[in-house]
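Residue numbering for the sequence shown follows the working numbering, starting at 17 and increasing by one per position.
Worth flagging that the hints you see were computed from the coordinates, not collected in a lab. The beta carbon of each residue, even a glycine, is placed where N, CA and C say it ideally should be. Incorrect hints may have been included.
Stated by the list, open to error - Each pair of labels, with its calculated beta carbon distance range: (1) Pro59 with Leu121: 32 to 38 Å; (2) Thr91 with Asp66: 16 to 22 Å; (3) Ala41 with Lys86: 30 to 36 Å.
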Amino acid sequence: MRIALPHDHFAAFDCRSCGACCAYAADWPRFSTEEDAELERIPEKLVAADQSGMRCEGGRCAALRGDVGKQVACTVYEARPHVCRACMPGGGDCLMARAAYGLPLVAPPVPRSIGLSLD
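Whole structure, please, built from the sequences with the hints as guidance.
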């Protein structure tokens, strides 16, 4: 069973004004199921020396630009690792990273409707 939430469910979370997940821990932006062609799109200078994931400076991903909690951007957004794509705004990992940075844990709005589909 899959639960479909309305598009505005996570509207309270704007990644471009946060970036906490990208600066949370040096072992977080790791590579897992990426294909070689996907990894080749990431500049070598941003890849960790052991090739296990993104290079980090402290706990912060080297591809992150800007100030966490204010305004940020990912310089490899289109080629970012799967773990980065899986961190959903307002999800558990997002809230954990926000808490570590002392950012507000704004609760996502309650969905107006929930559609169910059985697969």
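Hint check results:
no.	hint	in the structure
1	Pro59 with Leu121: 32 to 38 Å	34 Å, holds
2	Thr91 with Asp66: 16 to 22 Å	21 Å, holds
3	Ala41 with Lys86: 30 to 36 Å	20 Å, violated
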